[in-house]
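We have chain H already, so just place chain B with the ligands on it with the hints.
Chains as they are written, first to last, in our numbering: chain H, 1 to 400; chain B, 401 to 648.
FYI, nobody ran anything at the bench for these hints, they're computed from the structure. Don't take every hint at face value.
Label-pair restraints from in silico Cβ distances [said to hold, decoys possible]: (1) H:S323 / B:D469: 23 to 29 Å; (2) H:K310 / B:A532: 43 to 49 Å; (3) H:S323 / B:D519: 37 to 43 Å; (4) B:K510 / H:E83: 55 to 61 Å; (5) B:A532 / H:E89: 54 to 60 Å; (6) H:T276 / B:D534: 43 to 49 Å; (7) H:G93 / B:K510: 40 to 46 Å.
In the SDA-like style, the derived pairs of lysine to any residue whose C-alpha atoms are separated by at most 25 Å in a straight line are [what the hints assert, rightly or not]: (8) B:K450 / H:D353; (9) H:K293 / H:Q354; (10) B:K500 / H:G384; (11) B:K450 / H:S368; (12) H:K369 / B:A580.
All C-beta atoms, glycine included, are put in the ideal place defined by N, C-alpha and C.
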Amino acid sequence: MSGTLIDFCKQLEPTQLKLPTALLQAARDGVEFQHHFPTTRDEAWKYTRLGRVAALKLSPVKINQPANPLPSSETIDIIFENETWHCAEPITGLHIDFSGALDTTAWNACTLQGHVQHINALTAQGGVAIRVDANTKIIKPIRIIHRIQGEHTGLILHHQFVLGNHASAQLEVFFEGTSQDTYANVLFDFFIGVGADLHTDMLQQTNGTHYGFHTQRIYQQKDSTFALQTLTANTHFTRNDVEVFSQEEGTHTQLYGAFIGRENNHIDNHTYVHHTAPNCTSDENYKGVLSDKATGVFNGKVKVYQDAQKINAYQSNKNILLSDSATINAKPELEIYADDVKCSHGSTTGQLDQQALFFLRARGISESKATDMLIKGFMAEIVGTVKSSHIQEALHSLLG
Amino acid sequence: MLKITDLHASINGTEILKGLSLEINAGEVHAIMGPNGAGKSTLASVLAGKEDYEVTSGTITFEDQDLLDLSIEERAREGLFLAFQYPVEIPGVSNVNFLKTAINEIREHKGLSALSAKDFLSLVKEKSALVALDASLASRAVNEGFSGGEKKRNEIFQMAMLEPKLAVLDETDSGLDIDALRIVAGGVNALKSKENATLVITHYQRLLDYIIPDFVHVLYDGKIVKTGGKELALALEEKGYDWIKSAE
Ligand SMILES: Nc1ncnc2c1ncn2[C@@H]1O[C@H](COP(=O)(O)OP(=O)(O)OP(=O)(O)O)[C@@H](O)[C@H]1O
Ligand SMILES: [Mg+2]
Chain H
1 MSGTLIDFCK QLEPTQLKLP TALLQAARDG VEFQHHFPTT RDEAWKYTRL GRVAALKLSP
61 VKINQPANPL PSSETIDIIF ENETWHCAEP ITGLHIDFSG ALDTTAWNAC TLQGHVQHIN
121 ALTAQGGVAI RVDANTKIIK PIRIIHRIQG EHTGLILHHQ FVLGNHASAQ LEVFFEGTSQ
181 DTYANVLFDF FIGVGADLHT DMLQQTNGTH YGFHTQRIYQ QKDSTFALQT LTANTHFTRN
241 DVEVFSQEEG THTQLYGAFI GRENNHIDNH TYVHHTAPNC TSDENYKGVL SDKATGVFNG
301 KVKVYQDAQK INAYQSNKNI LLSDSATINA KPELEIYADD VKCSHGSTTG QLDQQALFFL
361 RARGISESKA TDMLIKGFMA EIVGTVKSSH IQEALHSLLG
Chain B
401 MLKITDLHAS INGTEILKGL SLEINAGEVH AIMGPNGAGK STLASVLAGK EDYEVTSGTI
461 TFEDQDLLDL SIEERAREGL FLAFQYPVEI PGVSNVNFLK TAINEIREHK GLSALSAKDF
521 LSLVKEKSAL VALDASLASR AVNEGFSGGE KKRNEIFQMA MLEPKLAVLD ETDSGLDIDA
581 LRIVAGGVNA LKSKENATLV ITHYQRLLDY IIPDFVHVLY DGKIVKTGGK ELALALEEKG
641 YDWIKSAE
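Chain H with its partners taken away, still in its complex shape:
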């Protein structure tokens, strides 16, 4: 195998974040100890090969200057592109900060795990820290756009979103770009306060040979609600790791995902929900459509800890393969150590419903339009939960 993790990090800038020393040291130890990128012998990377990633020649994006403030629009925009970031004017109760200083009280919860997070900690060029004051409702959606431009670009960001008690907000996240051999390692930490509510829609739609690593860690306090819709559309290589820590009673978590792959696309969704507190619910639903030689991975893990009674955890994964050469590796995992819980999980993979296709064609609709309709119909329950109008539009033009 080519380059070591240390070599990989060396091509990038040392971290610009003000991380706690212990964490930084843990990341250094991590890459030194692990030395190489994980192989498919590693359970977490069983179906996702990293050889191409290890061989990437990268130059970092230096994010140094804020451009002029963005005009106000129907969203509060934060844009990362071309070595700059842009930000809309702040509003009352909402704090947006680019200094690289993260809320360290929140950091107490965090550790770093795996090479993606280690690389992120060691080479993060920045990120945005968003904080919403307690009891504040931010009505306008907050929109973060990542434009990954230029060949061999590596974009490493660590964002933080702290939602105060009884606050609520809506977030839209975009990943776009058309350049070849690019790498992104973007990590979000979400801290959802007591009784707070965050809805996040994320669209990953990079063209070109882009290698995208997306990590979302969600820490939920009592009676909070967190919903994440991850939509991945025809990306060359995407790995999503979503990890939820339901730390206190009464939380509700919704993780939905829709992924569409074609050609040689590889889309990997890993989720891990930790139920450590009682009386919580989690609802997970991922749907994939793969054509050509595309490959997909779904690995959904739910762990219910010993004292976490009255948990309602629902997980579903359904996939449609449009070609014989497309593959999906799906693995739902339940680990339950409490006795009074309701958990269900299921995964199915099949072809397009041939009866339905015949029916639509027998009504005069062409095969390709009928196929599009059925795919759109299949994805409807996921797409229907997307609140972002921008993402709705993008999906509409994508799905017809």
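Chain B with the ligands only, in chain H's frame:
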């Protein structure tokens, strides 16, 4: 309008239609009756172009074209309509949305411009009233959670929307209550004209009290073995199929 000559069709190597001939002219109503498994739905599927069936010999012409040369959607655009014996449920695909696409593809095929949203909606209103289909059903996902009878009404609603030249109704009457039967039959009759034709497949003479056929055919073991007028249906109702089998 439709001429089937010595049609042989098989599925997975099993021959189901074994030399079937039938001719239907514009303005006519034909009924096909026959025991379970005789091949009635197979005939309907072969007409619509279902790819699971292999036509091994025989010809079908529809409006002076070789029907077997046309794709499934081309047949529909040329004016062939099949009301399914078992309508499929399609979650996530709305009834009106798919119908709008269907109508506009058919119009495009005929060289007509697309219907405006307004005209389409008034058409939906008019035609759903014709078959007393609840307006909320029209906009729901195709057949999802519909009752058996509602699915059948929905088939006739689609027929009313698409105004086909030849409608093949495969047991549209089964599962309908008496009132629904009247409504559906009323819908079919209202759409009847000198230019179009209807082929009803049924097990029950009762339907033919409402949709009066010009011809009744008995399909038995893959062939039309007897053809008569409306009175043939009555005789079948009374005597079953045995006397035809033995007369053969
Ligand atoms: N995939 C298949 N493989 C083998 N035989 C099949 C297949 N599909 C249908 N058949 C057979 O074809 C025959 C005709 O079926 P068809 O559905 O056309 O009958 P039908 O006349 O419509 O009957 P019913 O009155 O019950 O609706 C039946 O014997 C059926 O079992
Ligand atoms: Mg039948």
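How the hints compare with the structure:
With their beta carbons about 27 Å apart, H:S323 and B:D469 fall inside the hinted range of 23 to 29 Å. H:K310 and B:A532 have their C-beta atoms about 47 Å apart, which keeps the hinted 43 to 49 Å range intact. Checked against the hint of 37 to 43 Å, the pair H:S323 and B:D519 passes, with Cβ atoms roughly 39 Å apart. Range check, B:K510 to H:E83: about 56 Å between beta-carbon atoms, so the 55 to 61 Å window is met.
In this structure the hint that B:A532 and H:E89 lie 54 to 60 Å apart at CB holds, the actual value being about 57 Å. Between H:T276 and B:D534 the C-beta distance comes to about 48 Å, which sits within the given range of 43 to 49 Å. For H:G93 and B:K510, the Cβ-Cβ distance of about 59 Å falls outside the hinted range of 40 to 46 Å, so the restraint is violated. Taking the CA atoms of B:K450 and H:D353, the gap is about 14 Å. The hint holds against a cut of 25 Å.
Only pairs whose Cα atoms come within 25 Å are accepted, and H:K293 paired with H:Q354 is accepted, the gap being roughly 21 Å. For the given pair, B:K500 sits about 21 Å from H:G384 by alpha-carbon distance, which is consistent with the 25 Å threshold. Taking the CA atoms of B:K450 and H:S368, the gap is about 16 Å. The hint holds against a cut of 25 Å. The hinted pair formed by H:K369 and B:A580 fails the criterion: a straight-line CA distance of about 33 Å is larger than 25 Å.
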